[in-house]
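Student: Please model the entire structure based on the sequences and the hints provided.
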Amino acid sequence: MFIVKYIKEVFNAVKSLFVGLRRTGYYFTHHKEIITQQYPDNRDTLNLPERFKGEVVMPHNENNEHRCTGCTACELACPNGTIKVITKFDIGTDGKKKKAIDKLVYHLELCTMCNLCIIACPSDAIVMAQTFEHSVFDRAELTKILNNPGSKIMEGVE
1 MFIVKYIKEV FNAVKSLFVG LRRTGYYFTH HKEIITQQYP DNRDTLNLPE RFKGEVVMPH
61 NENNEHRCTG CTACELACPN GTIKVITKFD IGTDGKKKKA IDKLVYHLEL CTMCNLCIIA
121 CPSDAIVMAQ TFEHSVFDRA ELTKILNNPG SKIMEGVE
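Numbering-wise, full-length UniProt numbering puts 38 at position 38 of the sequence shown, and it's gapless, one number per residue.
Just so you know, the hints here were simulated from the structure itself, not pulled from any lab data. Misleading hints may appear alongside valid ones.
In silico DSSO-like links for lysine-lysine, alpha-carbon gap of 30 Å or less [what the hints assert, rightly or not]: (1) 5 with 84; (2) 144 with 53; (3) 152 with 84; (4) 88 with 152.
Tutor: Here it is in structure tokens:
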């Protein structure tokens, strides 16, 4: 009984080895289908998948305007407190107090790239960027303020 089980395991191991060798041999003989990229030599032509999640960024337009309303939905959706929304009240053109963001603090060292904050944002104010090189010597450099200094909310975004 033990010998039969042992022979079956050896047979399955050899079979698995040949399956892997067949795949390797196929890629070795079909050069135009190679999918490996030679990073860091190809930084200029690097092709990342569209769904790659690098870090959270807040896009601004040419007038230094963003879409964030300060609703704190991203902060509530984050499972480990990576995003902190600091709000303030501005006086609008109609004289009423309006909630706006003062700072949107993002702690990259805590982020798990789960994309929950992006999904939760009702105004599409934050997106995932394609950046992935985050090595720094000082951990404080991983804490980022996402909104630009002096930026304001776009007209028509509520």
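Student: Hints broken by the structure, by number, lowest first?
Tutor: The structure conflicts with hint 1 only, although it agrees with all the remaining ones.
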